[in-house]
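*Asks:* Letter by letter, the chains look like this.
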Amino acid sequence: MFYIPKNSVHKTVSRRKFLELGGGTAAALGIGSMTVGLGTVITRTPVSAASSEDAKWRQYEGTKLVFMSENTPPSFAIRDNIKAFYDLTGIEVEIITDGLPIVQQKVGIDLRGGNSDFALSYVQDKPIGAPFADFYSDLTPLLGDETLPQDPEGYGRDAWFENFLDVCGVYYDRDRLIALPYDSAVACTFYRQDLYEKYSKEFEAEYGYRLEYTKDSTWQNVLDFATFFKKLRDGGEDVPYGYAQHNGNFTWTTQLDIQRMQFANGRWIDFDIDDKLGSREPGPCNWGDEQSVLIMEKFKALGDVSHPDNLANGTLELNTVYQSGQIAMQVQYHEFAASVENAETSVAAGGKTAYAPCPKGAPDWIVNGGDAVNGTNCGIGGIGINGNASEDVKRAAYIFAIWATSKNTQFDVLKGVGGTPTRKSVMDIPEVQKARTRPTDMPNALTFDAVYDFGIKDPHFVLGPKIPEANEYHNIVAAESQNCLAGRTTPQEACATIKQQIDNLNGV
Amino acid sequence: MQKTLRAKRASFSAIEEDHGYAARRLDYGPGALNEEPKRRYHILLMAPAILTLAAITIYPFFWLIYMSLHKVSVARSDRWVGLDNYARLFGDVKYTDGWLLLVKYSALCLTLEILIGVVLAVILNGSRFEKVLVTVFLMPMMMSPVVAGLVWYYLYNGTFGWYHWLFQSIGILGETSILADIDTAMWGLVIVDVWQWTPLITLITLAGLKRVPQDQLEANMVDGAGSLRNFFTVSLPNIYPFLLIAILLRFMDNFRFIDHILVLTGGGPGNATRILPVYLFDVSFQFFKLGRGAAIAFTLLIVTIVLGLILVRIFDDPKKQVASGEAGETTDD
Amino acid sequence: MASREIVQYDSGLSRVFKVLAQVFLVVYLIWTVSPFIIMVGSSMKDLLEAFTLPRVGDWLGALSFFDFSPTFKHYVALFAEENFGAYLTNSLIASVGSALVAVVLGTSCAYSMSRYQFRGKKDVFFWIISTRMAPVVAVIVPLYAIFRSFGLVGTLPGLILAYTTFNLPFAIWMLKGFFDNVPYAIEEAAQCDGATRLQATMQILPLVAPGIGAFLVLCILFAWNDFLFATIIGSGGAKTLPVATKELIQPQNVQWGKIMAAGVVTTAPMMLLGLLIRRYLVAGLTMGAVKE
Chain A
6 MFYIPKNSVH KTVSRRKFLE LGGGTAAALG IGSMTVGLGT VITRTPVSAA SSEDAKWRQY
66 EGTKLVFMSE NTPPSFAIRD NIKAFYDLTG IEVEIITDGL PIVQQKVGID LRGGNSDFAL
126 SYVQDKPIGA PFADFYSDLT PLLGDETLPQ DPEGYGRDAW FENFLDVCGV YYDRDRLIAL
186 PYDSAVACTF YRQDLYEKYS KEFEAEYGYR LEYTKDSTWQ NVLDFATFFK KLRDGGEDVP
246 YGYAQHNGNF TWTTQLDIQR MQFANGRWID FDIDDKLGSR EPGPCNWGDE QSVLIMEKFK
306 ALGDVSHPDN LANGTLELNT VYQSGQIAMQ VQYHEFAASV ENAETSVAAG GKTAYAPCPK
366 GAPDWIVNGG DAVNGTNCGI GGIGINGNAS EDVKRAAYIF AIWATSKNTQ FDVLKGVGGT
426 PTRKSVMDIP EVQKARTRPT DMPNALTFDA VYDFGIKDPH FVLGPKIPEA NEYHNIVAAE
486 SQNCLAGRTT PQEACATIKQ QIDNLNGV
Chain B
15 MQKTLRAKRA SFSAIEEDHG YAARRLDYGP GALNEEPKRR YHILLMAPAI LTLAAITIYP
75 FFWLIYMSLH KVSVARSDRW VGLDNYARLF GDVKYTDGWL LLVKYSALCL TLEILIGVVL
135 AVILNGSRFE KVLVTVFLMP MMMSPVVAGL VWYYLYNGTF GWYHWLFQSI GILGETSILA
195 DIDTAMWGLV IVDVWQWTPL ITLITLAGLK RVPQDQLEAN MVDGAGSLRN FFTVSLPNIY
255 PFLLIAILLR FMDNFRFIDH ILVLTGGGPG NATRILPVYL FDVSFQFFKL GRGAAIAFTL
315 LIVTIVLGLI LVRIFDDPKK QVASGEAGET TDD
Chain C
231 MASREIVQYD SGLSRVFKVL AQVFLVVYLI WTVSPFIIMV GSSMKDLLEA FTLPRVGDWL
291 GALSFFDFSP TFKHYVALFA EENFGAYLTN SLIASVGSAL VAVVLGTSCA YSMSRYQFRG
351 KKDVFFWIIS TRMAPVVAVI VPLYAIFRSF GLVGTLPGLI LAYTTFNLPF AIWMLKGFFD
411 NVPYAIEEAA QCDGATRLQA TMQILPLVAP GIGAFLVLCI LFAWNDFLFA TIIGSGGAKT
471 LPVATKELIQ PQNVQWGKIM AAGVVTTAPM MLLGLLIRRY LVAGLTMGAV KE
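Going down the list, the protein sequences come from chains A, B and C. When we follow the numbering used here, the leftmost residue of the first sequence carries the number 6, and every step to the right adds one. When we follow the numbering used here, the leftmost residue of the second sequence carries the number 15, and every step to the right adds one. When we follow the numbering used here, the leftmost residue of the third sequence carries the number 231, and every step to the right adds one.
With the rest of the complex left out, here is chain A (with noise of 0.2 Å):
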């Protein structure tokens, strides 16, 4: 066993980055000796290909790595569960958790910068895999080498849920793998059964079909389902709004929301490329086409009779909004099934909430000649390698990787505080398959027929452009939704300046 001083590989790359960053300046005031890594310490045993598994996965004892993450539930689980880590491999892994944006601004600035305080670090699909692709360490080496421990499922496309490896790990080239699935969430709706059953037979009254939600529900259903409902409140009627949008200041998500309805009339996306490979040069935006406006339309027709706080509602004020038993209906990630399944917390657990995929196009909201689907979108986390760390050290946070990726781990998590799986084996473990209808002891397997049985498939999953410029791009849409909705704007008006911003933005 032998010591390797602190990162002593990567100083020199470091260096380097640093001066490509603004280190000139530095140098030239004479100031500045450079980096080493935060937190990071690196022992190392040499195993060979013939070494038992244990040797293997203990090659790295007394190591120490930063793990920066989002502050979902797979994160806090595997904090808790840590020692089982430690005890695995003794490697010591800290796992830091902050809000997805503040969590992007500190890797960005870490692996921009040339360092790697964080060995790993969470691979939102769009707002961080997307920019920061390039910076990120290339796993497929590390997949097949004999003196790394493996999971024994393997890695390939099959191992995950249909679309995740794409979305979460690949970016503008095929041949590279810059991160594993780790977590995820995926958009379905949530529904107040026990309200469309009550009122079923006032609404069928007036719309001449029945209040109910199936897959086959299409977003002109939905507009009625929450026109009826807004009736109902403005004649006085004790009754929750039918349905709220997200379109808080939270931009990537509120820009989903409106991609959701767009995709799933005709199957509409926002550049001619393949959103699952991504592309550094977009060319033009299909914002301000006849299609995107009518939709845009709808969109704010929806809106208008939406819950009034429509604007004021992320994701996360949504779901509380649903909790405290103001809407009908949402469509939210499924993740967030254990809070509203949380008698504690929600008005709407107990049986009263029902899970189905997202609503599908309506055939007469088509003019582009595309087909209706129920167009899902989603965020998926993956965990990947700082590509600036030395050679060492990224090994050391792959055995990391594939641990917090293996089925048992994410078993561990969806047992614990609702995690959210990513590889398709943990539903054939028989709790999991129990744990699908109520009663139920993991909220969020109810929702997994919905999700991963249907909206993650093809033809109904969107996922939105992978682009260097991706977040700004998620901002112009957010914004000018926001301004369409709050009447500001016209469709029509929204969507040309989305198309002239973005198309400016990739230098169109």
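Simulated from the structure, these hints should not be mistaken for laboratory data. We put the CB at the ideal spot given by N, CA and C, even for glycine. Any given hint could turn out to be false.
Said to hold, decoys possible - Reference listing, derived: stretches of chain A covered by chain B, where coverage requires no fewer than 3 residues with Cβ under 8 Å from a Cβ of chain B:
no., segment
1, 99-111
2, 142-149
3, 246-254
4, 469-480
Unchecked claim - Okay, derived cross-link-like pairs now, DSS-like style, lysine-lysine, Cα gap no bigger than 30 Å in a straight line:
no., chain 1, residue 1, chain 2, residue 2
5, B, LYS145, C, LYS248
6, B, LYS224, C, LYS248
7, A, LYS88, C, LYS352
8, C, LYS352, B, LYS52
9, A, LYS305, A, LYS203
10, A, LYS420, A, LYS439
11, A, LYS88, A, LYS429
12, A, LYS88, A, LYS220
13, A, LYS439, A, LYS220
14, A, LYS305, B, LYS118
15, B, LYS85, A, LYS281
16, C, LYS351, B, LYS52
17, A, LYS420, C, LYS303
Position chains B and C relative to chain A; hints supplied.
*Replies:* This is chains B and C only, laid out in the frame that chain A set:
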């Protein structure tokens, strides 16, 4: 403390008399003997602070300029782009709107704070409860801006917020909560700022009112002037320099602190509350356009420095010395 | 004082004004205090109790706010589950540390700036004060990169240094004003009596000590309340109370009870300190432009 200081000062003057001759000799004596060690002594005392400050301010400043002249966004290496980052700002509606919104935001905050603050000070001045009430009113200023943001976010919430209930109950808001409406979101921010910082204006005005010369007021009173007129003809001109300083300080704070805005609206809905520092935050930390961010930061810094210069001018202006402590103390005596 | 004199010339109109003034005072008092009451109240409520509002316009129903059985579970949870003990310590070390650095360096610098004339002094002085006024967002990117290269990010020394960027200029500026008020004669006298320069300087320190103490407290207050530096420079390793409070907003569950409790924990010590230095507050918050 004031008392002890004054007592000491009395004893100084005694010392001064005793040693008057010696002191003069030191002052006007042959400088060559004195100057060099004195210089060294003072440089030694100043150096640690100046060097520390230089290291953590001048160095970043040059770095900022460097970044603003480069494209440091997603590409791996920096590319020299000259003034391109600056040139692009003029075509950037969010940048120009950011300035307008900053001015609008500050104007709303300041108008309300000064109106309420001055009225409050006039009412409080000399009142029986002055001491107690001023102490209570100070409380919001002690709160961390981000905590203030969180508390008000909770109060404004459309589902369980007490202030939302209040606004609805007095009929100034409908069901839509204050931050959810493009037309009212800015007011939501202004209210928080007014809540936190009006007391500062009150305190400053009170300090000014204490220095309004009593004889002027009395003279005016003999002329039969009403208290309202008295306020406008005597008090207001006297507290005017204090208010000017307050305005500048608050305006600069609106550049500096965006903590509560990040919590409350993050610049939305639409771009309704994206005042320039918030946009700068977005560009630097959300879009990672460090070059463009640096250019915005640089322009923001320049304006801050100009404002700072104006402020220092006011400090230095002998005619406005009323506002500074020394003058105040002499009137007190 | 002034206003009492005016009251002697009472008339009908001014009586109306008086009543209006009292109403204004009461309204303002409620407006100032209510967020605190709601914060403290909500911090002691169970989650569902905190989410109940009366019907719109039901003014009497507002009293229902006080109808709850207080619980301290959120406070307990902060320290037992959320590690707030450590964040409290971080906040203390970072704010007291930076205040000490600022005041120690600032006192010596301010003294010399007050006593010694040199060319360009005005410019240096302006530079010092302008660093205090710089918008935090504008300086934080380069500062992060530099701190990063010295391994200061995520450490308490790093955070202390970051706070020094605004506390040091503040201390220099304020204390210079203080030294300017102390007559030079006392040091001259001491030197004539054979004291060294340093001894002479030391002689006047007791005179400015109360001021130094007050500004130390103000520096603590500024640092304690900071959010942006703490979140970026403090990163994960030196998490302070405001940052930890904000982080209680978690994707799946906004824990308002805990957030309000954390708000109380963060705010209460600063209010006490504020009271303690009450008489220096105006001077401190106006950069010495206004004194009470």
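*Asks:* Hints first: check each against the structure and report whether it holds.
*Replies:* Evaluated hints:
no.: 1; hint: 99-111; verdict: holds (count 3)
no.: 2; hint: 142-149; verdict: violated (count 0)
no.: 3; hint: 246-254; verdict: holds (count 3)
no.: 4; hint: 469-480; verdict: holds (count 5)
no.: 5; hint: B:LYS145 - C:LYS248; verdict: holds (19 Å)
no.: 6; hint: B:LYS224 - C:LYS248; verdict: holds (20 Å)
no.: 7; hint: A:LYS88 - C:LYS352; verdict: violated (59 Å)
no.: 8; hint: C:LYS352 - B:LYS52; verdict: holds (19 Å)
no.: 9; hint: A:LYS305 - A:LYS203; verdict: holds (28 Å)
no.: 10; hint: A:LYS420 - A:LYS439; verdict: holds (12 Å)
no.: 11; hint: A:LYS88 - A:LYS429; verdict: holds (25 Å)
no.: 12; hint: A:LYS88 - A:LYS220; verdict: violated (43 Å)
no.: 13; hint: A:LYS439 - A:LYS220; verdict: holds (22 Å)
no.: 14; hint: A:LYS305 - B:LYS118; verdict: holds (28 Å)
no.: 15; hint: B:LYS85 - A:LYS281; verdict: holds (27 Å)
no.: 16; hint: C:LYS351 - B:LYS52; verdict: holds (16 Å)
no.: 17; hint: A:LYS420 - C:LYS303; verdict: holds (25 Å)
The structure does not agree with the numbered hints 2, 7, 12 stated previously, though it agrees with the rest.
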